[in-house]
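Protein chains: 4
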Amino acid sequence: MPFVYHRTVHFADTDAAGVVFFANYLAICHEAYEEALAAAGIDLKTFFADTGVVVPIARSEADYLRPLTCGAKLRVTVVPEAIGEDSFALRCEIIRLGRPEKCAARVRTEHVCTSSQKRTRTPLPPALAAWVSAG
Amino acid sequence: MPFVYHRTVHFADTDAAGVVFFANYLAICHEAYEEALAAAGIDLKTFFADTGVVVPIARSEADYLRPLTCGAKLRVTVVPEAIGEDSFALRCEIIRLGRPEKCAARVRTEHVCTSSQKRTRTPLPPALAAWVSAG
Amino acid sequence: MPFVYHRTVHFADTDAAGVVFFANYLAICHEAYEEALAAAGIDLKTFFADTGVVVPIARSEADYLRPLTCGAKLRVTVVPEAIGEDSFALRCEIIRLGRPEKCAARVRTEHVCTSSQKRTRTPLPPALAAWVSAG
Amino acid sequence: MPFVYHRTVHFADTDAAGVVFFANYLAICHEAYEEALAAAGIDLKTFFADTGVVVPIARSEADYLRPLTCGAKLRVTVVPEAIGEDSFALRCEIIRLGRPEKCAARVRTEHVCTSSQKRTRTPLPPALAAWVSAG
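Chains as they are written, first to last, in this note's numbering: chain A, 1 to 135; chain B, 1001 to 1135; chain C, 2001 to 2135; chain D, 3001 to 3135.
Since the hints were made in silico from the structure, they are not lab data.
Okay, derived cross-link-like pairs now, DSS-like style, lysine-lysine, Cα gap no bigger than 30 Å in a straight line: (1) K2118(C) - K73(A); (2) K45(A) - K1102(B); (3) K102(A) - K1045(B); (4) K3118(D) - K1073(B); (5) K2045(C) - K3102(D); (6) K102(A) - K2118(C); (7) K3073(D) - K2045(C); (8) K2045(C) - K73(A); (9) K1045(B) - K73(A); (10) K2073(C) - K3073(D).
Not close to chain A: a few residues of chain D, all C-beta gaps over 10 Å, as computed: (11) E3031; (12) D3043; (13) V3053; (14) P3056; (15) D3063; (16) P3100; (17) K3102; (18) E3110; (19) V3112; (20) T3120; (21) P3126; (22) W3131; (23) S3133.
Using N, Cα and C, we set each Cβ at its ideal position, and we do this for glycine too.
All chains, full assembly: derive it from the sequences and hints.
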């Protein structure tokens, strides 16, 4: 079962074309990722600070399938996939609720665990590795 | 009773000082305003588009009382106050949940209903006026 | 010769990890695209409004190669490539200036010209088509 | 003579009403502040990180006088004013260029130098104090 995050489109997400700015689809998926980590017991304040080990996004791919307007109700699903002991991918879908529901975007990101001083790859912290392998 | 909006601090809200960027406190209050309007039956897609009548913010004042880190749980309260037939103010408080709760910011905005072609003030639409006077 | 856009990393671009938030790399490339269009004589206010024909981004791919901190000086290059009469791609590189220069990201976006009422593909407007074919 | 920063309105600054989102006026003024600090020889990466001493914004006031559309050319002026040995204010004006020029916003922010561990006020660092007193 994928993790599910519910979100309403805010006015600040939109641009002068009247719909969500393309880069903000990625930010919405990142929110879903944060909620998934929090639900797995990971402390977000520490996780996303630079505490010597960081897990930056190395790659993103997104297919934008439908425009989203202010007030739209979204369901975002997040599925992690292991790549190696130091990296994983996330597959997210943004579904616009309504009748019928419509897939508004598919986003895939790759995350690489890194020692921020040495700039070398390092294994995922245990709690994160457990979340990925349960995904 | 003020309208209440619950919000978690997202990573994208923060800046390199590790806490929410000051301008994003205002964006968070605007989300609460949107939710209050939606709860009052106002269609956000139409309301926030330029349909000939717009209700831009003419003034904001904010006191930033406490830093907010990623993952913090917030309760935002919104209280509208009539100024005249064509304008109103919002008073918002951002409360950081926890033991004890702490007020993280107080924000006041002024909104002026405007004809977007003529650039002149015009009375609030009835549904908005009703929401303000009920506030 | 690619179009070149110079940009400094702002504090608002960064997140609590101390570096530019991943989705903001895409926003920075979009700024470069806007500047390239303006340099080609295209009016941005009209182009990016919904005037019946819109050119939304249908896909993005980004490789994030290096973190970027507040104050970093960037050179962003933009190269358009025709896909068909109704679509094109942009290839952008974000270079962090300094000694030595480093490539911080490579971003590719696909743009599809669309009739916003009919939701069907439509040929690129002449000025945009000219810019793409000159690219 | 105030510090002057030139800026073009980007698509990402705008919202579905077709103009710059109100909170982004504050972000634009912050960019001007960053440029003023950099011009005074202050290293932004260090200044805006949490290195034990931070200078958060404690209050903002903004009057939004005119809407700004994508592609608009802006001149932002920044004038610092001392408040005490541990705090200062900035007065910013956002001028929309054109014939005639128009003032689009006036923004005032208060900045308080703070020990981030002790959460107590502390004197401005010398380089910042020098910039404020020269303002």
